[in-house]
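Everything in the sequence shown is counted per this note's numbering, starting at 1 for the first residue and increasing by one.
Just so you know, these hints were derived from the structure itself, not from any lab. Yeah, the Cβ is synthetic: ideal placement off N, Cα and C, and Gly gets one too. Worth double-checking, as some hints may not be accurate.
[Said to hold, decoys possible] Each computed EDC-like pair below joins lysine to aspartate or glutamate, with the alpha-carbon atoms no more than 16 Å apart:
1. Lys-106 - Asp-124
2. Lys-106 - Asp-132
3. Lys-106 - Glu-168
[Stated by the list, open to error] Label pairs and their calculated CB-CB ranges:
4. Thr-15 - Gly-57: 34 to 40 Å
5. Glu-175 - Glu-151: 32 to 38 Å
6. Gly-57 - Glu-168: 21 to 27 Å
7. Thr-75 - Gly-156: 29 to 35 Å
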Amino acid sequence: LVVCTHASVDACCGTFGYPLYEALRREHGSTGNARVWRISSFGGHRFAPTLVDLPEGRYWGNLTPERLSQLVHRTGHPSELMDCYRGWGCLSRHADQVLERELFRKHGWNWIGQRLELEPADGDITRVATHDPRSENTQHYDAVLRHLGAEPVLVGCDGTAGEVQRYEASLHLREPAAQQ
């Protein structure tokens with residue numbers, strides 16, 4: 001787990017990141033369940049404290065020491081942490097991030113380690129294929145993204161305001177005959 005603690009880039013990361021890093025080291029670093037590092041910056045300061053879960057490349061933000069155990073030990077359902085989930089680093093398009101988040105919510109911790117293929121189809125539909133190499137199971141979905149509009153957010157600790165676009169994803173499992 002890599003935590004941003006760089007106060008000179010954004011005060012949020014120093015103010016909130018370093019205490020999270022210390023809590024991770026103290027509670028999980030010596031148990032063998034997690035290796036913990038700190039880093040100067042990887043962006044997303046409005047989500048401070050932020051961390052990257054490697055080697056998966058999943059970004060998390062607004063975590064508290066009380067919620068770390070669930071992430072480190074993969075306990076409970078990840079839907080309980082979705083307010084802290086920033087996305088999967090291997091996906092660059094915002095729409096793909098929204099769809100992947102919905103798959104993570106649907107499959108739970110078993111989603112980690114699966115492969116994902118996304119292909120735009122007709123209109124608003126994206127064809128989604130997930131493959132679990134552990135079970136050799138492949139599932140196919142038709143996914144639809146719905147734009148919910150803009151939402152005001154704070155961009156940093158200095159109170160700078162901005163906005164983000166919000167989306168909602170729905171996944172529809174395709175029947176085996178239609179999965180070609």
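Hints and how they fare:
1. Lys-106 - Asp-124: violated, 20 Å
2. Lys-106 - Asp-132: Satisfied, since the Cα-Cα distance of roughly 14 Å is no more than 16 Å.
3. Lys-106 - Glu-168: holds, 14 Å
4. Thr-15 - Gly-57: 34 to 40 Å: violated, 25 Å
5. Glu-175 - Glu-151: 32 to 38 Å: Because 36 Å falls inside the window, the suggested range holds.
6. Gly-57 - Glu-168: 21 to 27 Å: At 24 Å between Cβs, range holds.
7. Thr-75 - Gly-156: 29 to 35 Å: Hint holds: Cβ distance 32 Å, inside 29 to 35 Å.
Against the hints set out earlier in the document, violations occur for numbers 1 and 4.
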